[in-house]
Amino acid sequence: KSFNNEKLSVSTLREGEKTKIFLLSDRYTELIVTSSPRDRRLVEHELVASGLEHIIWQERNVRRDLKKIRSDELFGSNFGTTILSGIAGIGKTTMVQKILYGWATGKVYPQIHFVFHFKFRDLNVIKGETSLKTMVLESYPYLQDVLDKIWEKPEHSLFVFDGLDEFKDRIEFTDSDRNPVPRVSCPGPERLCPVADTVRTLVQQEILKGCSVLITSRPTALESLDHIHTNLLAEILGFFAEEREDYIRRFFLDGKIAAEVLRYVKENDVLYTMCFNPSYCWILCCTLEPIFKHPEHKQPPAKTITQLYSNYIYNILKNHPRVSENPREVMLRAGEMAYEGVCNRTIVFDNDHFYRHQLEPSTFISGFVMEILEKDDGGRKVVYTFPHLTVQKFVAALAQYLTPVRRNLVELLDQAHKENDGRFEIFLQFVVGLSCPHTARQLEEILGPLHHESVGEAIYWLKVNVEAAIKQSWSEGGKRKLLNMMYYLFESHDNSLAQYTLEAVDILDFSSLALNPLDCAVLSHVLQLCDTIENLDLHQNNIGAEGMQRLVPALHNVNQTSLTYLLPDSSDLQLQ
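Per the UniProt record's numbering, the very first residue in the sequence shown carries number 1; after that it's consecutive.
Rather than coming from a laboratory, the hints here were simulated on the basis of the structure.
Misleading hints may appear alongside valid ones.
[Said to hold, decoys possible] Listed next, the in silico DSSO-like pairs over lysine-lysine satisfying Cα-Cα at most 30 angstroms (straight line): (1) 303 / 266; (2) 149 / 127; (3) 481 / 463; (4) 68 / 266; (5) 303 / 479; (6) 107 / 153; (7) 303 / 463; (8) 133 / 168; (9) 107 / 133; (10) 107 / 209; (11) 68 / 107; (12) 318 / 266; (13) 481 / 471; (14) 481 / 266; (15) 479 / 266; (16) 293 / 266; (17) 209 / 153; (18) 479 / 463; (19) 256 / 318.
Could you build the full structure based on these sequences and the hints that come with them?
See below:
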């Protein structure tokens, strides 16, 4: 049994300190896990997944109706395949680490005698065919003489496969017309076959019948698992309010600073609502730590999501300088690689990606942008990934303002906006948000001025698309686009632009569109900037108590508001 999972490695923004090691027990905050995952379509968009009913779902269903599952309850008495789902940054890998540490210390799952842990990103480097036995021995060579005996009783073995969404190949767990290539039969753990077929045969109990399998994945990669028999299909929902507070208190050892950060975050609707996601919580705490520890520096805390990420990158660049490197050039190349990754849904990068973008991995990782990319050298090949998908999208957006070659930013934004799968929504928010002079000012200290022409093009694109979204808001799709535009207006922090684009609007209709507290906070901010709205239609929006609290400050700017307020007992109250 291995105790390698006892410690948690956390990147830091402090000068001269690349990583800090904590005991898992000191930093781990329990996550909310439920056995009834939501519709996959409702959680595909990474940042606005806090919306599309996330908190409403928690309040109406999880707290009252659904049984929460502890990490030691993922397997019942009948072991089999368990699927653990959750959006990016929600804590899947860290929960796996906690499970493995709990098992290794004898606290959970005593029925399991051996655990074989794999990350799909590591399995990506395997070329051609291999066998399950080879896969295991390359990670656990000390089992060479006893592995065959271990597999005589497969019911005592657990196979963990982390990050299905990061696997380069599609695994066809069930027969499908979309799979024209005949699947390979792997009748035993020594039979050579593609990695995808090895995983499939374990899940379908074609080999080592009676073993247990745990697969983690983002919801967008679960389609192939829809029709397999599972012991449990669970979803990590992240933090409730009490877990958010617990995480922040654990992060800041100084109770006074923790209380000040908590107070500030609670006063900022957008930042507080984001904190259901542990990765956002971590980025938020990393960014606020130097501000609240050293108030004499007078660095203003972030108010928008773009400002938060700007502060995050600024602190990295400020505290990890490299005299021999041009920070603007390296940031541009990293951003171009990040943008290519967003376009191609790539979140794991290797030396080939670095070579194409004229980046030197060793210099890059050891240099002043070390905190932007994390390396994962647990497998045969060193690969790199951004700490979170939103960091990748921010760096991709920043690159649009650093390029020395003039490009038509309006055309690029138009193309991204046409995609309907959600992967460019946060990227667009960041591009628009960086057009705000106040937001970009700190980064310009190190990277030099952002291109003025690109700033103008971003503002022009936003103006045109807000006006277009208003005209199309009669349809459900048009309402969703208009709500996205409210986010972009909020991120731009351009009050005059918001007033100008909405001055001719008499009616804003978001009826029948689910609005979460974050949506309501953003909408409230924009509404407070104009007093021309005659009618605001919020019928059947599933607005709960927290969302209503966010909206109230703006309602006096509207002559007539029609809304459906979701009461705590799940009944609806129609208000006008």
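Here is how each hint holds up against the structure:
1. 303 / 266: holds (12 angstroms)
2. 149 / 127: At roughly 28 angstroms apart (the allowed maximum being 30 angstroms), residue 127 and residue 149 satisfy the hint.
3. 481 / 463: Distance ~13 angstroms between residue 481 and residue 463 Cα, so the pair holds.
4. 68 / 266: Since the Cα atoms of residue 68 and residue 266 sit roughly 25 angstroms apart, the hinted pair holds (cutoff 30 angstroms).
5. 303 / 479: holds (25 angstroms)
6. 107 / 153: holds (22 angstroms)
7. 303 / 463: holds (22 angstroms)
8. 133 / 168: Given that 30 angstroms is the threshold and the Cα spacing comes to 21 angstroms, the pair holds.
9. 107 / 133: holds (28 angstroms)
10. 107 / 209: Within the cut-off at roughly 25 angstroms; holds.
11. 68 / 107: holds (19 angstroms)
12. 318 / 266: Distance of about 28 angstroms is within 30 angstroms: holds.
13. 481 / 471: Holds, because 11 angstroms separates the two Cα atoms, which is no more than 30 angstroms.
14. 481 / 266: holds (28 angstroms)
15. 479 / 266: holds (28 angstroms)
16. 293 / 266: holds (18 angstroms)
17. 209 / 153: holds (9 angstroms)
18. 479 / 463: Distance ~17 angstroms between residue 479 and residue 463 Cα, so the pair holds.
19. 256 / 318: Roughly 26 angstroms separates the two Cα atoms, so the pair holds.
Violation of the numbered hints given earlier is absent; every hint is satisfied by the structure.
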